[in-house]
Amino acid sequence: MPLFLFLNVGDDLSEYYVCTGCALLCDDIEVETEDNKLTRVHAACLKGVARMKACSDPMECRVDGEKADIDSAIAKAAAILKNAKNPLIFGHGNSSSQAQKVAIGLARKTGAYIDDTSSFCQGPIVEAIVQDEFKTCTLDDIRHKADVIIFWGADPSNSHPRHLSRYSYFPRGKERQRGWEEDRTAISIDVRKSDTASICKDHRFYQIPMGEDAQFMEALLSALSGKVPKTSFDFDKKRILELANVLKKAKFGVICVGLGLVYSLEELEPLFKLMEKLNEVSNFHIMPMVGQYNMRGFNQNLFAETGYINRLKFNAETGETEHGAKYSVVEALRNRSVDAALVIGSDPLSSLPLSVARYLAEIPLITIDPCQSLTATRSTVTIPCALGGVESGGTAVRMDGVEIELKKIVETDNLSDEEILTRITEAI
Amino acid sequence: MGFGQFLAAPEIKLKISTYRDVFQNTAQESSRFGEEYEDLSAIIKLDPKDISKLSIKEGDTVIVKNAFGKVVVVARRSEYEEGHPGIAYMVNSPWSNALVPEETGGTGVPKFKNFEVTAQGAKSEKVTGIKEIF
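Those sequence lines, one after another, are chains A and B. When you line the first sequence up against our numbering, it's residues 1 to 428, in that order. When you line the second sequence up against our numbering, it's residues 1 to 134, in that order.
Simulated from the structure, these hints should not be mistaken for lab results. Please note: incorrect hints may appear among the correct ones.
Below, in silico cross-link-like pairs of lysine-lysine (DSS-like), each with a Cα-Cα straight-line distance of 30 Å or less [as the list claims (entries may be wrong)]:
| hint | chain 1 | residue 1 | chain 2 | residue 2 |
| --- | --- | --- | --- | --- |
| 1 | B | 57 | A | 193 |
| 2 | A | 67 | A | 53 |
| 3 | B | 65 | A | 193 |
| 4 | B | 70 | A | 326 |
| 5 | A | 251 | A | 135 |
| 6 | B | 131 | A | 53 |
| 7 | A | 326 | B | 49 |
| 8 | A | 193 | B | 53 |
| 9 | A | 251 | A | 238 |
| 10 | B | 13 | B | 70 |
| 11 | B | 131 | A | 67 |
| 12 | A | 174 | B | 13 |
| 13 | B | 15 | A | 193 |
| 14 | A | 201 | B | 70 |
| 15 | A | 248 | A | 238 |
| 16 | A | 273 | A | 249 |
| 17 | A | 37 | A | 101 |
| 18 | A | 237 | A | 193 |
| 19 | A | 193 | B | 49 |
| 20 | A | 101 | A | 326 |
| 21 | B | 15 | A | 326 |
| 22 | A | 135 | A | 145 |
| 23 | A | 326 | B | 57 |
| 24 | A | 201 | B | 131 |
Given these sequences and hints, build the entire structure.
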């Protein structure tokens, strides 16, 4: 009998699950479980394994600091939102699309501000993509076709660890059978030599000063137009011209836009201009390096309902919306224009500037999350929820806009965030 | 006791850029209140020249502050080959966010990756704990 029959490879590992560690939503994850806990997670990255195995300090159900049952916590949360004139509903990036739609309905009902993390990260890029202002593609297109991949202000080796191995650099694809060795050119444009920059061969790391991305873009645009590329920081002209040549020859190019680039650009115009030129001389696509697993889902779901991806305020009576920077989570907190907040699957006290987030501790605050967080420690009400993609299912939208189904793997006593939000809505 | 203790520790101005670190992010997934998360978060990566200017050794604590906040973190030598005096790196965390300016120029987007601080040796003052940041 051939040897492989004895190996039993894959006998217990036949079902694949989705990792919710980031917006790559890797769908090739195998798990082993015991007593409704994941004991082993196969194929995921370090961060994904930690996410799926769940945190070591789950959040408790509390009202005013005291342990509470779920019914009284939901009643209290409903009362807070009902009594508030201008509540804020924030988070959403770590929720299923189904939970997000309930949250949008709750915001409409309570006349709330609604915003998510995209408001201070990938928002402008995702907005331009959903409005068809950038040519984009799927991660699968990148795996099968991409030959020139620019990581601009992006360091997926740390932020999206399997981006390079599943899609953008290492794999063999249908039209890229020789993978990274011969078929793909990786380019890093960044202010520091990131881990991703160090895999870019042949000096394809372009280090630029902080805040000068727009100027480098302008220089690259000149080079692509056959002009001499000039920068105030005297970047080697030959290197820019040579880079322009590589980009011109690309059959299927991608710019993976990281936060470094998003934060550096005061407006998207330089990137629009560069993309326009690149698509005159070559074939280039934009990929937003979205962090939270369903941030893009929230942006698309809100866009479908209101025509905006984030930064909204509903009018409770008319259902009309107001939109703009004034309604962003940062400005709403800075200007103290909200008087209560519901935070779902996010920790703004950790992720926002402290001087902005501090105000959250002064108003009635509700947190829904599987894990204890800084925001939870300052909340009036904390309601633990099931961990998305592990203890509850639904759908989510990957960074490239592809919808992915999340399956429930193990049981939990916690309600899903969708169920909690539905019950709060019903109680109002 | 040496004479040095009576001298003010030198203070330098730095520009900070924040970054992501998969190991720190993994620790955060396990517990935001764990020792590992603090060890991997409460750090500042400095150019060797700036370490000298501060008269500290790698591993010493430094006070990093500006008009928006103040934290005590551990000084690490950055591993980049190219020098970057005057620029330091902090991993995105509640420690860096304590220093990110609240001003956005009306855009709603704070300058997470480009802000100024001053740094000064902390003379063995302890690292700011996550619950003390607030």
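Taking the hints in turn, this is what the structure says about them:
1. Restraint check: the Cα-Cα separation between residue 57/B and residue 193/A comes to about 23 Å, which is no more than 30 Å; the hinted pair holds.
2. As the CA atoms of residue 67/A and residue 53/A are separated by approximately 25 Å, the hinted pair is consistent with the 30 Å bound.
3. Restraint check for residue 65/B and residue 193/A: satisfied, since their Cα atoms lie roughly 26 Å apart, inside the 30 Å limit.
4. Pair hint residue 70/B plus residue 326/A holds up; C-alpha atoms about 28 Å apart against a cutoff of 30 Å.
5. Of the pairs offered as hints, the one joining residue 251/A and residue 135/A holds, with about 15 Å between alpha carbons and a cut-off of 30 Å not exceeded.
6. Between residue 131/B and residue 53/A the alpha-carbon distance is near 25 Å, which keeps this suggested pair within the 30 Å criterion.
7. Between residue 326/A and residue 49/B, the direct Cα distance comes to roughly 42 Å. Violation of the 30 Å bound is thereby established for this hinted pair.
8. Distance hint between residue 193/A and residue 53/B is fulfilled; the C-alpha atoms sit about 23 Å from each other, no more than 30 Å.
9. Our distance criterion of 30 Å between C-alpha atoms is met by residue 251/A and residue 238/A, whose separation comes to about 23 Å.
10. For a cut-off of 30 Å, the pair hint linking residue 13/B to residue 70/B stands: about 14 Å separates their Cα positions.
11. Proximity of residue 131/B to residue 67/A is assessed by CA-CA distance (about 21 Å); at most 30 Å being required, the pair is judged to hold.
12. Distance check on the hinted pair: residue 174/A and residue 13/B sit about 51 Å apart at the alpha-carbon level, beyond 30 Å; violated.
13. For the hint pairing residue 15/B with residue 193/A, the CA-to-CA distance comes to about 17 Å; that is within 30 Å, so the pair holds.
14. Among the hinted pairs, residue 201/A with residue 70/B is inconsistent with the structure: their alpha-carbon atoms are about 40 Å apart, more than 30 Å.
15. Between residue 248/A and residue 238/A the alpha-carbon distance is near 15 Å, which keeps this suggested pair within the 30 Å criterion.
16. Note on residue 273/A and residue 249/A: the hinted pairing holds, with a Cα-Cα distance of about 19 Å set against a maximum of 30 Å.
17. The straight-line distance between the Cα atoms of residue 37/A and residue 101/A is roughly 28 Å, inside the 30 Å bound, and the hint therefore holds.
18. A hinted pair counts as satisfied when its Cα atoms are at most 30 Å apart, and residue 237/A with residue 193/A qualifies at roughly 20 Å.
19. For the hint pairing residue 193/A with residue 49/B, the CA-to-CA distance comes to about 18 Å; that is within 30 Å, so the pair holds.
20. The suggested pairing of residue 101/A with residue 326/A holds, with an alpha-carbon distance near 23 Å, which does not exceed 30 Å.
21. Between residue 15/B and residue 326/A, the direct Cα distance comes to roughly 28 Å. Compliance with the 30 Å bound is thereby established for this hinted pair.
22. Among the hinted pairs, residue 135/A with residue 145/A is consistent with the structure: their alpha-carbon atoms are about 15 Å apart, no more than 30 Å.
23. About 45 Å separates the Cα atoms of residue 326/A and residue 57/B, which puts this hinted pair outside 30 Å; it is violated.
24. Taken as a hint, the residue 201/A and residue 131/B pair is broken in the structure, with Cα atoms around 43 Å apart against an allowance of 30 Å.
Against the hints set out earlier in the document, violations occur for numbers 7, 12, 14, 23 and 24.
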